[in-house]
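*Asks:* The task is simple: from the sequences and hints, build the whole structure.
Each chain is listed here by its residues.
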Amino acid sequence: MEPISQAEKQVTRKSSSLGIGQFFRAVTAIIWKDLAAELRSRELLSAMLVFALLVILVFNFALELDAQARASVTAGVLWVTFAFAGTLGLSRSMALEKDRGCLDGLLLAPVDRSTIYFGKAIGNLIFMLIVEAIVLPVYSVLYSVNLFNPGLLLIILLGSIGYVAVGTLLASMAVQTRTRDILLPVLLFPLVIPILIAAVKGSTGFLQGVDIIDIRPWINLLLVYDVIFVAVAFMVFDYIVEE
Amino acid sequence: MMITVRKLVKRFGLKTVLRGMDFSVEPGEFVALLGPNGAGKTTFLRILASLSRPTMGHVNIAGYSLPHQAAAVRRRLGVVSHLPLLYGDLTAEENLRFFARMYDIALADKRISDVLEMVGLASRRRDLVRTFSRGMQQRLAIGRAVLHDPEVMLFDEPHTGLDQDACQMLDTVLCEVAARGRTVVMTSHDLARVADLASRFDILSRGVITASIQRSDMDPNNLLAFYRQAIAEA
Numbered sequence: 001m002e003p004i005s006q007a008e009k010q011v012t013r014k015s016s017s018l019g020i021g022q023f024f025r026a027v028t029a030i031i032w033k034d035l036a037a038e039l040r041s042r043e044l045l046s047a048m049l050v051f052a053l054l055v056i057l058v059f060n061f062a063l064e065l066d067a068q069a070r071a072s073v074t075a076g077v078l079w080v081t082f083a084f085a086g087t088l089g090l091s092r093s094m095a096l097e098k099d100r101g102c103l104d105g106l107l108l109a110p111v112d113r114s115t116i117y118f119g120k121a122i123g124n125l126i127f128m129l130i131v132e133a134i135v136l137p138v139y140s141v142l143y144s145v146n147l148f149n150p151g152l153l154l155i156i157l158l159g160s161i162g163y164v165a166v167g168t169l170l171a172s173m174a175v176q177t178r179t180r181d182i183l184l185p186v187l188l189f190p191l192v193i194p195i196l197i198a199a200v201k202g203s204t205g206f207l208q209g210v211d212i213i214d215i216r217p218w219i220n221l222l223l224v225y226d227v228i229f230v231a232v233a234f235m236v237f238d239y240i241v242e243e
Numbered sequence: 244m245m246i247t248v249r250k251l252v253k254r255f256g257l258k259t260v261l262r263g264m265d266f267s268v269e270p271g272e273f274v275a276l277l278g279p280n281g282a283g284k285t286t287f288l289r290i291l292a293s294l295s296r297p298t299m300g301h302v303n304i305a306g307y308s309l310p311h312q313a314a315a316v317r318r319r320l321g322v323v324s325h326l327p328l329l330y331g332d333l334t335a336e337e338n339l340r341f342f343a344r345m346y347d348i349a350l351a352d353k354r355i356s357d358v359l360e361m362v363g364l365a366s367r368r369r370d371l372v373r374t375f376s377r378g379m380q381q382r383l384a385i386g387r388a389v390l391h392d393p394e395v396m397l398f399d400e401p402h403t404g405l406d407q408d409a410c411q412m413l414d415t416v417l418c419e420v421a422a423r424g425r426t427v428v429m430t431s432h433d434l435a436r437v438a439d440l441a442s443r444f445d446i447l448s449r450g451v452i453t454a455s456i457q458r459s460d461m462d463p464n465n466l467l468a469f470y471r472q473a474i475a476e477a
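Chain order of the listed sequences is A and B. Mapping of the first sequence onto my numbering: position 86 corresponds to residue 86, and the numbering continues sequentially without gaps. For any residue, its number in my numbering is found by taking its place in the second sequence, counting from 1, and adding 243.
To be clear, the hints were calculated from the coordinates, so they are not data collected in a lab. A hint or two may mislead.
[As the list claims (entries may be wrong)] Just a few of them, taken from the derived set where beta-carbon distance is under 10 Å, the chain B residues facing chain A: (1) 311; (2) 313; (3) 317; (4) 324; (5) 337; (6) 340; (7) 341.
[To be verified] If we take Cβ atoms under 7 Å as the criterion, some of the chain A residues that face chain B in the derived model are: (8) 19; (9) 22; (10) 23; (11) 25; (12) 29; (13) 41; (14) 67; (15) 69; (16) 99; (17) 101; (18) 105; (19) 107; (20) 108; (21) 109; (22) 242; (23) 243.
It should be emphasised that the depicted structure is a prediction, and the values quoted were computed from it without experimental measurement. Don't be surprised by glycine CBs; every beta carbon is placed ideally from N, CA and C.
*Replies:* Quick look at the structure:
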């Protein structure tokens with residue numbers, strides 16, 4: 001075999017700089033990898049989906065509700081379901097990286113480590129949105145509640161972004177420990193209380209036809225929370241994943 | 244020097260693993276880092292690979308210092324550990340394509356084909372990695388590590404869990420990697436095996452290099468005696 005030549009190095013590397021283009025290429029590569037692997041194994045989605053459907057079934061049998069009560073508990077039941085199913089997905093998503101040492105493989109790539117965070121977070125968000133897209137119509141049928149409200153869908157999107165932003169960061173931290181399955185919910189739920197409160201209040205508002213002016217503070221809270229936690233994760237992810 | 248390490252200290256809480264370690268490697272050298280369990284070999288390689296942050300000391304690889312220029316260092320490093328660092332639910336080709344995108348490699352298709360040919364897995368390129376034997380996974384792991392044509396290769400116990408045939412095949416690939424002029428640092432417990440591969444042997448004990456010898460300065464059959472003496476004197 002020939003020794004490595006400088007000319008060969010120039011051919012095999014697109015660029016030596018770590019620009020914005022490479023940032024997005026790395027993020028999309030991680031998302032593609034997660035989706036392709038999940039498409040084959042269906043390990044993550046099936047677990048999240050079965051769990052979410054079981055939760056709404058259990059609530060359906062446990063709470064014998066009239067029409068008025070149904071409208072008032074819908075947001076709470078939905079967000080409890082999303083939060084629990086989301087935790088399952090977040091924990092499993094990072095565990096799959098850690099168990100075969102793949103996380104080290106990602107960390108060895110010559111990219112800003114925030115690309116790994118964004119790639120994993122967007123992948124987790126896609127899985128969570130898929131589960132939500134399946135749970136909503138099932139819930140609609142089981143509880144005879146119309147959930148196809150654009151405002152509600154906006155709240156679900158914003159709430160899911162915030163939940164996944166914090167959850168991916170904490171899952172990266174928890175996965176380094178032996179008690180990762182217990183540690184993630186213990187760390188996550190106190191931190192996402194503002195999101196869950198805002199999401200439940202906002203969702204209830206839209207479902208009960210409350211004026212948008214009264215719902216806006218909850219939407220603003222979700223937006224601010226999303227921006228803050230994405231920014232925090234961007235700054236600290238490198239320190240969390242490095243020993 | 245391709246790798247220069249000065250007064251490297253690594254602590255995990257109250258436990259000090261590396262105690263002011265000095266280490267250097269010339270370009271193209273193949274260094275075997277030997278030592279008992281708990282000597283700090285894996286910790287040291289993880290610091291070189293920028294997976295772990297040094298507590299104190301200076302690390303410079305290919306002219307870039309850690310941890311401040313970690314991304315530039317990682318571009319010049321290929322790492323193989325006893326774990327394959329591969330995705331079982333992707334095919335061999337998809338795994339390499341993913342890492343080619345992460346390393347921003349141009350002409351990725353040709354490079355992937357060349358690498359699969361080199362590690363002898365061209366005929367299994369479309370098979371899922373989870374269907375591979377441990378030896379095949381380790382060969383693909385080497386393929387992943389050399390995909391971006393790194394100047395420095397780090398091997399952490401690459402023979403762990405492999406049978407004799409797989410070890411021999413891995414050695415062939417290792418020799419090819421070294422023959423390309425790459426600088427190699429490898430940790431191992433298997434003295435007989437590294438005796439035929441490395442050009443220099445360093446003994447790491449209790450967090451410092453206690454002895455070092457060039458292969459040209461010794462009979463490879465005496466490596467075990469040299470190792471035992473260095474450990475005893477530490």
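*Asks:* Taking the hints in turn, state whether each one holds.
*Replies:* Going through the hints against the structure:
1. 311: violated, 12 Å
2. 313: holds, 9 Å
3. 317: Since the shortest Cβ distance to chain A is 4 Å, the answer is holds.
4. 324: Cβ of residue 324 of chain B sits 6 Å from chain A, so the hint holds.
5. 337: Check passed: Cβ of residue 337 of chain B comes within 6 Å of chain A, closer than 10 Å.
6. 340: Where the cut-off is 10 Å and the nearest Cβ of chain A is about 9 Å from residue 340 of chain B, the hint holds.
7. 341: holds, 5 Å
8. 19: The hint is violated - residue 19 of chain A has no Cβ within 7 Å of chain B, the shortest such distance being about 9 Å.
9. 22: OK, holds: residue 22 of chain A within 7 Å of chain B, min 5 Å.
10. 23: violated, 10 Å
11. 25: holds, 6 Å
12. 29: With a minimum Cβ separation of about 4 Å from chain B (threshold 7 Å), the hint on residue 29 of chain A holds.
13. 41: holds, 5 Å
14. 67: The hint is violated - residue 67 of chain A has no Cβ within 7 Å of chain B, the shortest such distance being about 45 Å.
15. 69: violated, 44 Å
16. 99: With a minimum Cβ separation of about 9 Å from chain B (threshold 7 Å), the hint on residue 99 of chain A is violated.
17. 101: OK, holds: residue 101 of chain A within 7 Å of chain B, min 3 Å.
18. 105: holds, 3 Å
19. 107: This interface hint holds because 6 Å falls under the 7 Å limit.
20. 108: Where the cut-off is 7 Å and the nearest Cβ of chain B is about 5 Å from residue 108 of chain A, the hint holds.
21. 109: holds, 4 Å
22. 242: holds, 5 Å
23. 243: OK, holds: residue 243 of chain A within 7 Å of chain B, min 4 Å.
Of the numbered hints listed earlier, those contradicted by the structure are 1, 8, 10, 14, 15 and 16.
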